[in-house]
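Novice: Hey, can you work out the whole structure from these sequences and the hints?
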Amino acid sequence: MTDYDALIPLLVKNEIEFIIVGGAAATAHGSSRLTLDLDIVYSRKQGNIERIVKALAPLKPYLRGAPIGLPFKWSVETLNKGLNFTLITTLGSLDLLGEIVGGGDYEKLHTETITIEIAGVQCECISLQSLIKVKRAAGRPKDLEVIAELEQILDETREED
Amino acid sequence: MSAMMKQQSEQLKSISDLDPVIEAYKKDIDRTLIRENLRLTVTERFQQLMRLQRFAEELQQAGRKATQRK
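Residue numbers (this note's numbering), protein chains in the order written: chain A, 1 to 161; chain B, 1 to 70.
Just so you know, these hints were derived from the structure itself, not from any lab. Heads up, some of the hints might be wrong.
[Stated by the list, open to error] Label-pair distances were calculated between CB atoms; the ranges are:
1. A:Thr90 with B:Glu58: 18 to 28 Å
2. B:Gln60 with A:Arg140: 15 to 25 Å
3. A:Asp105 with B:Gln68: 41 to 51 Å
4. A:Arg140 with B:Thr32: 20 to 30 Å
5. A:Asn14 with B:Lys27: 39 to 49 Å
6. A:Thr111 with B:Lys70: 49 to 59 Å
7. A:Lys142 with B:Lys65: 38 to 48 Å
8. B:Lys70 with A:Glu50: 49 to 59 Å
Where a beta carbon is used, it is the ideal one built from N, C-alpha and C, also for glycine.
Specialist: As structure tokens, then:
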């Protein structure tokens, strides 16, 4: 299980610049579908990468699905060399994404977010309209049903307004 | 243009092809579930998700045990 109530406040309290995307963002907007991880787009600024490494180190991040014993070192150098990391931590599965199809990087996506409150902290989450846009851009078959639900949610929220 | 952006551009061209499939899926979406979720706070939605994850894990474990018994 991914402990969102612990993981998200940890990121916020360590002043990490991130945006919730993917299935967790869908949940935030009202989706009833099961997702197992937390996907975030993170700022690639050096200070932010340093804060991510420091904040997550106690959670023993490791490459999800990789055989135990790989020479994976959780460090600033590792994050600088890569872009997207699918991790397993002691608080659950966490995907660190430097950019996403249809949404770009943190700086670009930053203009398409809303502020949400979860477990007593405020953080950024991709807007419902933008989430639909990136899911459409990804064009993955598994996302088609998700897009259908998200568009229904959009209709419901418009009707509420 | 990065490889990712090039891929994105190609995928955007085919987006309109997806619409009939998405529309077909919409017919089976339970809007009462959506309305229930929209009444919850974001925190409550994540707590509900975590309960669902725990339930899925229990089901997986039960399934594994049942397979081992065979």
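Novice: If you check each hint against the structure, which ones fail?
Specialist: Going through the list in order, the structure violates hint 7 alone and respects the others.
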